[in-house]
Structures are given as structure tokens and as C-alpha cells.
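> Okay, so the sequence shown: first residue is 139 according to our numbering, each after it adds one.
By construction, these hints were calculated from the structure, which means they are not laboratory data.
Treat the hints loosely; a few may be bogus.
EDC-like mimics (lysine to aspartate or glutamate), calculated; alpha carbons at most 20 Å apart, straight line [as the list claims (entries may be wrong)]:
#, residue 1, residue 2
1, K358, D326
2, K409, D292
3, K358, D402
4, K403, E344
5, K403, D296
6, K314, E344
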Amino acid sequence: MNKKRLLCLVLALCALLLTACQEKERFDTRLPEDQPTAAPTEQTQDLFGSAVVGPTDYDDGTYDPSSEEGGDWEDVQEPADSEPTLAPVIQSDYAGATPVLIDPIDKPTPTPLPTLSLSYMTYEAPSLHLTFEGPSGWTVDDTQADTYVLTNPDPSMDYAATLTVRTVPVNKAYSKSELTREVKGMLDTLSGSGELTGFSPSNTAERSFLGGTGVYANYKAVVQSTGAEIAGRLIVVCVDRTLYSLHVSYPRGYTEFYVSNVYDKFRHSVKLN
């Protein structure tokens with residue numbers, strides 16, 4: 139009997155010791171406290187570059203209108219007349235993909251313009267003290283003492299080309315900046331006449347004319363009443379205290395022809411009397 143009690147006592151003591159060990163070896167199952175996360179360093183990436191690209195000037199600002207003349211021409215830059223073409227916005231399951239501009243497969247073929255040919259004759263403008271070569275058979279208007287106008291009488295053209303020469307006495311020799319102001323004033327007059335829409339002038343450039351250094355510019359426009367697309371060139375020079383201006387206007391599709399022939403022929407043949 140005593141042995142049984144002793145055995146029970148030993149077992150109870152072992153149970154107490156085991157419980158104490160378990161209390162002592164209890165594990166902390168709590169998760170570590172959340173630590174404040176350091177804000178990541180913000181790095182802004184400009185995917186499109188830092189330069190702001192806007193609409194380009196006339197013909198990308200690289201067009202040289204003097205190249206129309208086919209000779210030893212001075213340089214000039216012109217502003218553009220159109221905005222860059224934007225990619226279309228596509229509403230589809232593929233939104234987010236890079237849009238692609240698609241040109242139509244069957245583009246309309248432009249109607250070729252009729253070929254022009256000119257013969258020349260000598261014109262005298264006594265009130266302007268000038269002689270020059272111009273297209274034969276053009277209509278002459280010299281009713282104004284300071285202006286001489288030739289007009290193409292061809293009825294098949296949607297716009298009658300003209301060559302206009304004008305003289306204005308001044309009290310001094312004009313500088314390049316003053317000649318430039320005169321050319322820009324002529325462009326402003328054309329633009330504000332109410333007869334033209336979509337008026338797009340070029341920058342100015344220097345050009346030899348009547349033995350001096352002149353300033354010239356080009357322009358493009360549409361005749362409001364008829365819708366005809368036209369272009370023109372103006373040049374001004376000051377010689378012996380007289381401003382001489384030449385203005386040649388023509389159908390836009392024939393720009394190269396009229397500049398290389400009518401304008402160029404005048405500039406190389408004109409003489410002071």
C-alpha cells in the first residue's frame with residue numbers, strides 16, 4: 139500500500155514539473171509590429187521628352203521659296219500652313235495600343251494641269267521710266283500714273299495671273315528693315331482686303347533687283363468669291379529715292395511656271411530709262 143502511494147506521489151510530482159516546463163517554454167506567436175514603410179523616392183519619368191513641340195512653321199520652316207526660281211537664289215525660310223496630322227482615337231478592345239495612321243490604298247490621282255507656254259515681248263511703262271519683257275498678248279492697264287498692270291486674258295484659267303509694277307517717290311534711301319516693313323505692309327493689305335481667305339505669307343529674304351538689294355516674300359491664299367487657290371510673290375527695292383515694287387500673282391498650281399518665267403523674266407530684263 140505504501141508503495142502505491144509513493145508511486146502516485148512521484149507521478150503527481152512529475153506532472154507538476156512537466157506543466158512548469160511548458161509554461162516556461164511558451165512561444166510568442168504574435169506577428170512583429172508593423173514598421174512604418176519609408177516613402178519611396180519619387181522619380182518622374184518624362185516619356186515624351188522635356189521639349190514642347192508645337193505646330194511647325196510654314197513647310198516645316200525649311201522651305202526655300204527661292205528654289206522655285208531655278209537660279210542662283212538667296213535663302214529664305216517660310217512658315218507652314220498646316221497642323222501636324224494626329225493619330226485617330228480608336229475605341230475598341232485594343233484601346234491602349236499605339237494608333238497607326240493608315241493611308242487609303244486607292245488615293246485619287248490628281249488631275250494633271252494643262253501645260254502652259256509663253257512668248258515674250260518688250261513693254262514700255264513711260265510714266266514709271268521702265269522697260270521690261272513680259273508675256274505677249276497680256277492686257278495692259280496703265281490708267282494710273284504710278285502703276286502698270288499686265289493681266290493674262292486666257293479665259294480657261296480659274297484665276298487670271300497678273301504682273302503689277304508700282305513706283306513711289308521717297309525722301310531717302312531705304313534700309314533693309316524699311317524695305318522689309320514695306321513688303322509686310324503689302325502682305326497685310328492683301329490679307330485684309332476681304333477678297334482672300336486662308337492667307338499664308340512667307341518670311342522675307344533679300345534679292346538683287348534693279349541694280350539694288352531688294353526684299354521679297356511669297357504668299358498663298360484662296361479667292362473668297364471663286365474658291366480659286368492662288369499664290370504670289372512681292373519684291374521691293376529703293377533706287378535713287380524711288381520705291382519700285384513688283385507683284386506677280388498666279389494660280390497656285392502654276393507657281394513654279396510663273397516664278398521661273400514671268401517673275402524671273404521681268405527681274406532680269408527690267409531697265410530704268
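> Any hints from earlier that this structure breaks? Give me their numbers in increasing order, please.
Hints 2, 5 contradicted; others consistent.
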